[in-house]
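Sequences are here, hints too, so could you generate the full structure?
Sequential numbering of the sequence shown, starting at 4, is according to our numbering.
What the hints contain is simulated information worked out from the structure, not anything from laboratory work.
Owing to the predicted nature of the structure, the values given are computational and were not obtained by experimental measurement.
Check the hints yourself; a few may be wrong.
What the hints assert, rightly or not - SDA-like mimics (lysine to any residue), calculated; alpha carbons at most 25 Å apart, straight line:
#1 Lys-54 / Arg-99
#2 Lys-26 / Leu-108
#3 Lys-26 / Arg-70
#4 Lys-26 / Val-78
#5 Lys-29 / Pro-13
#6 Lys-29 / Leu-11
#7 Lys-26 / Ala-38
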Amino acid sequence: RIAHALELPPGPERDVALHEARKAAKRARYAAEAARPALGKPARKSAKRLKAVQGVLGDHQDSVVAREALRALAVQAQLSGEPSFTWGLLYGREERTAAARERELP
Numbered sequence: 004r005i006a007h008a009l010e011l012p013p014g015p016e017r018d019v020a021l022h023e024a025r026k027a028a029k030r031a032r033y034a035a036e037a038a039r040p041a042l043g044k045p046a047r048k049s050a051k052r053l054k055a056v057q058g059v060l061g062d063h064q065d066s067v068v069a070r071e072a073l074r075a076l077a078v079q080a081q082l083s084g085e086p087s088f089t090w091g092l093l094y095g096r097e098e099r100t101a102a103a104r105e106r107e108l109p
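Below, the structure written as structure tokens:
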């Protein structure tokens with residue numbers, strides 16, 4: 004799922020695909036944790052790896068949500084006649100955060 008998501012161009016479709024990959028990683032992690040008593044070390048290693056992937060994808064999703072909020076705040080500021088430049092700077096920072104998290108993915 005991650006490889007497919009990363010093949011998509013940056014944007015909402017890619018963000019949704021990465022969020023779906025996060026949910027799949029979460030389910031797989033819980034399955035590995037449940038199988039640990041029967042499977043031992045392989046299940047533990049798999050759960051540990053999935054937890055790390057889930058964390059990176061969670062950080063990415065947090066950035067998606069933050070960008071949506073920042074965009075709304077920028078629009079609100081602009082409509083009120085207030086400066087919106089700072090909101091744009093923060094949005095750009097979140098874009099860079101999301102891109103950095105994507106580079107951490109396997």
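Checked hints:
no.	hint	verdict
1	Lys-54 / Arg-99	23 Å, holds
2	Lys-26 / Leu-108	15 Å, holds
3	Lys-26 / Arg-70	20 Å, holds
4	Lys-26 / Val-78	31 Å, violated
5	Lys-29 / Pro-13	23 Å, holds
6	Lys-29 / Leu-11	22 Å, holds
7	Lys-26 / Ala-38	18 Å, holds
This entry does not satisfy hint 4, going by the numbered hints stated previously; all others are met.
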